[in-house]
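Same order as they appear, the protein sequences are chains A and B. Positions in the first sequence are counted from 1; adding 35 to them yields the working numbering. Positions in the second sequence are counted from 1; adding 1206 to them yields the working numbering.
Heads up, a few of these hints could be off.
[Unchecked claim] Covered by chain A, per the in silico footprint, the following chain B stretches (three or more residues, Cβ under 8 Å): (1) 1229-1240; (2) 1330-1344; (3) 1390-1401.
[Stated by the list, open to error] The calculated SDA-like cross-link candidates involving lysine to any residue, where the alpha carbons are at most 25 Å apart (straight line), are: (4) B/1425 x A/301; (5) B/1425 x A/286; (6) B/1755 x B/1494; (7) B/1755 x B/1771; (8) B/1755 x B/1795; (9) B/1425 x A/119; (10) B/1425 x A/94; (11) B/1425 x A/192; (12) B/1425 x A/307; (13) B/1755 x B/1740; (14) B/1425 x A/298; (15) B/1425 x B/1683; (16) B/1425 x A/279.
Since the hints were derived computationally from the structure, they do not count as laboratory data. Heads up, the beta-carbon is just placed ideally off N, CA and C, and yes, glycines get one too.
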Amino acid sequence: MIQSIVLSGVAIGSIYALIGITYNVMYSASRVFSFTAGTLGMLGGVLGSLFISRMGLPVAAGCLLALLGGAVLGIVTEIVAVRPVLRSLDQHLYVLSTLALALMVQQFTAIEWGTDARPFPRLFTIARGGFDQQYWLPMLACAIVIVGLELLYRHTLVGRAFLAIAEDTYAARALGLPERYLRIASYSLAGVIGALAGFAGGELLLAFFGNAPMLTFYGFIPVALGGMGNNRGALVAGLLLGLFQQAANFLVGGIFASVAVFTVFILVLLVRPEGLAGAAPQRRV
Amino acid sequence: MDTQAAQLRPSRAGTLGSAAALGAALPFLLLLALGIALPLFAGGYWGLIATRACIYWVLVSGLNLVVGFAGQIAIGWVALLALGAYTASVLTAGTATPELSPYLALAIAAAVGAAFGLIIGLPALRLRTFYFAITTLGFATIVNQVALAWQSVTGGGVGVAGPIFPDPFASKWGFYYFCFALAAICTWMTANIAASRFGRALTAIRDAEVAAEACGIAKPALLAAVFLFSGAVAGIAGTLFASLQSYITPDAFPLDLSILFFIAVLIGGRGSILGPLLGTILLTVLPEFAAPLVAWSTFLYAVLLLVIVLAIPGGIAEILDFKNRRPLESHRAIVPRPELLPCLLGGPRGAGVLTLEQVALSFGGVHAIDGLDLEIRPGQVHGLIGPNGSGKTTTLNVISGYYAQQSGSVRLNGVAVPVLQRHRRAHMRIARTFQTPRIVGSASVLENVMIGGSIDGAGSFAESLLCLPRHRRDEARLRETAMLALQTVGLERLAAVRADRLQHSELRFTEIARALMLRPAYLLLDEPAAGLSADEISRLGALIVAIAKAGIGVLVVEHHPDLIFDICHHITVLNLGRKLAAGTPAEIRSHREVVNAYLGG
Chain A
36 MIQSIVLSGV AIGSIYALIG ITYNVMYSAS RVFSFTAGTL GMLGGVLGSL
86 FISRMGLPVA AGCLLALLGG AVLGIVTEIV AVRPVLRSLD QHLYVLSTLA
136 LALMVQQFTA IEWGTDARPF PRLFTIARGG FDQQYWLPML ACAIVIVGLE
186 LLYRHTLVGR AFLAIAEDTY AARALGLPER YLRIASYSLA GVIGALAGFA
236 GGELLLAFFG NAPMLTFYGF IPVALGGMGN NRGALVAGLL LGLFQQAANF
286 LVGGIFASVA VFTVFILVLL VRPEGLAGAA PQRRV
Chain B
1207 MDTQAAQLRP SRAGTLGSAA ALGAALPFLL LLALGIALPL FAGGYWGLIA
1257 TRACIYWVLV SGLNLVVGFA GQIAIGWVAL LALGAYTASV LTAGTATPEL
1307 SPYLALAIAA AVGAAFGLII GLPALRLRTF YFAITTLGFA TIVNQVALAW
1357 QSVTGGGVGV AGPIFPDPFA SKWGFYYFCF ALAAICTWMT ANIAASRFGR
1407 ALTAIRDAEV AAEACGIAKP ALLAAVFLFS GAVAGIAGTL FASLQSYITP
1457 DAFPLDLSIL FFIAVLIGGR GSILGPLLGT ILLTVLPEFA APLVAWSTFL
1507 YAVLLLVIVL AIPGGIAEIL DFKNRRPLES HRAIVPRPEL LPCLLGGPRG
1557 AGVLTLEQVA LSFGGVHAID GLDLEIRPGQ VHGLIGPNGS GKTTTLNVIS
1607 GYYAQQSGSV RLNGVAVPVL QRHRRAHMRI ARTFQTPRIV GSASVLENVM
1657 IGGSIDGAGS FAESLLCLPR HRRDEARLRE TAMLALQTVG LERLAAVRAD
1707 RLQHSELRFT EIARALMLRP AYLLLDEPAA GLSADEISRL GALIVAIAKA
1757 GIGVLVVEHH PDLIFDICHH ITVLNLGRKL AAGTPAEIRS HREVVNAYLG
1807 G
């Protein structure tokens, strides 16, 4: 019992953490939160099921194509919904433009793919066991992304350029960094991470268009609680969220688990609006 | 002579105002006539659609105050519609309680809506924009899930029957008139708010929050009132919606509806009543002409949202705003009339001295101010000068409550002024202007100035909703005072112009007029001469001197030495957060260190 709560909690938590990281990667590049983060996760599952189950492609090819789809949506987000409104960040138009894009993708999926949740293929032909692939795949994906991002940010020139942009866009531009290309690169990277979350978690979440708003909401909680742009915070908060949700699910039932998660989330934010790990920003007059 | 003219002028502005008000009311009256006459020329099917448009508008009119006026991005408003619908349906169906009359259920649904409107809304006080948007979205999801799961009360996926209103509202057209009347009342009430000090305060919170605080606008109380109202009308709309549907399930409240409501506000334009009203009608009627596309409706709404955000952020209201497309005169001189000040400010104020004692504040390792003493005396102009980064604006921000000093105190007449609590400063009659003018660009110059008098109203939010006498008196008096303030700074000819069409120098004088609306005892001016021409600077100087003469203690942060030496009684020179010198202009002018460090040989 406890074992299954922990297993599914950590697995779901890994997916939430990955979506949180998707938010963070986009935020670092542009100071913008995008509603397309959850849509990317939904798309990873739907595209995986489309390529592997319906079109019969090999798992590796299907995975690559699904991630590519995520990258494309990431880039489209940057071009269509983020770049045009960056000049007037203080008006928060990005909230609306990214919401519009996310809804468009979600509705397109609902119409072309259907509104039913469809099964996601088993990626490896091994028998179901206690520690099944539906649990360890999201965990593995999350570990790979966390380690990969650390290596990227600390040991490569491109990664350091990402950090420079995140720290101070104007200074980075003054240094001659190609800010726009770096932003596009960040958004495509975020797209890949988001799609990977949905692909790795496909068996748990199924290929379902309704995952988009669900992931958009639950994926944002790790960001809000872990601190904006803080990937390690997102990981810890994501795992805690997954465990809490699964435990509440088991103890009080699914619906009231959602209510419990929502209530705790709001209460924590009201007490600490900057997140559990964040610092309050200085305001300028 | 001049005072006489000033007393005459507001009355003329008053008649002009009522003519303009009639022009503004005309579209509403047309819609009213059209709505009343609808059964004469439309079939039953269109009656149904018109009923739905009315119901949506009841909700959107409240949401408009939240989104369009206060600028809070509340996406999941369908949750309140669902709450109202379920409350009324459950109460009249009697699944959990004895069966209630539909009117009582309507009232209870409004109360439940108001309570939850407040609950969803309050996080907006603490959270950033995107966070708030996400929490409203989350709330919408939760409400739907609870409705689905709580089968014993809501009927779960099977649903529950909606309330039925008895005669004369049982027939199709009878119910239409019921909804239409409520929609008309909501239009009237929100239009009253829009034209009140509360409506202006909301737009100030949206576009110039810092200035709103400096004018003494208490954001929490105001937003709470708006969320209560908005929730209540959403609850009413929910009841009507359930009655129209005659049977409700969780599927009747998809997130798409939220998006529709939200777009209706945006397409109409922020800060307008007519725009969102037209937007709501448009969005309810449009799908009837595009039946084959019905599966794509949400997709198309999303496309519409993106197009509005990227292409016409001003919405219908801006397209309809013909008045502000007329070109302004190109050579406009600002000619202040300081002689009107006594009339504007009233009698002597007898306030004491505002003192800073050993105030210190550092950001990280940087000492922005380091043990500063300062006195602002009534009737005197105190100049604060120094190189960039010497702590001038920081000092001003400590006095007006934006920063908390780490040691030392600010005292008014010997009593310590509490740290932070920005909006309390206005009640102590401390007014200020900003280095970059903080103005509501979409409001008229007159409205911007009226924002400055927000705390002096006597009527409450509810009185403004219902346009009661106290509200009307407040408005008349604010308008009159604001006109006088504009005459004083020399901008009365631009009173009706949208503020974002003004030149930079005019915005600076607008801010001074706004500050004077407070009838301040102390006026803090942050670089008022920056960006002004030589002529304008000398007129500004005369105005500041006259303001001091009227008994106000003025603190001027400035970089123009000539202006400072001309108008100040006392000057403090800052360098790296410390007082380098203090004294009369003559003393400062001959102070060696000051000359070396700042003024130049």
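These are the hints, each one checked on the structure:
{"no.": "1", "hint": "1229-1240", "result": "violated (count 0)"}
{"no.": "2", "hint": "1330-1344", "result": "holds (count 11)"}
{"no.": "3", "hint": "1390-1401", "result": "violated (count 0)"}
{"no.": "4", "hint": "B/1425 x A/301", "result": "holds (20 Å)"}
{"no.": "5", "hint": "B/1425 x A/286", "result": "violated (40 Å)"}
{"no.": "6", "hint": "B/1755 x B/1494", "result": "violated (67 Å)"}
{"no.": "7", "hint": "B/1755 x B/1771", "result": "holds (17 Å)"}
{"no.": "8", "hint": "B/1755 x B/1795", "result": "holds (24 Å)"}
{"no.": "9", "hint": "B/1425 x A/119", "result": "violated (31 Å)"}
{"no.": "10", "hint": "B/1425 x A/94", "result": "violated (55 Å)"}
{"no.": "11", "hint": "B/1425 x A/192", "result": "violated (46 Å)"}
{"no.": "12", "hint": "B/1425 x A/307", "result": "holds (19 Å)"}
{"no.": "13", "hint": "B/1755 x B/1740", "result": "holds (23 Å)"}
{"no.": "14", "hint": "B/1425 x A/298", "result": "holds (24 Å)"}
{"no.": "15", "hint": "B/1425 x B/1683", "result": "holds (23 Å)"}
{"no.": "16", "hint": "B/1425 x A/279", "result": "violated (35 Å)"}
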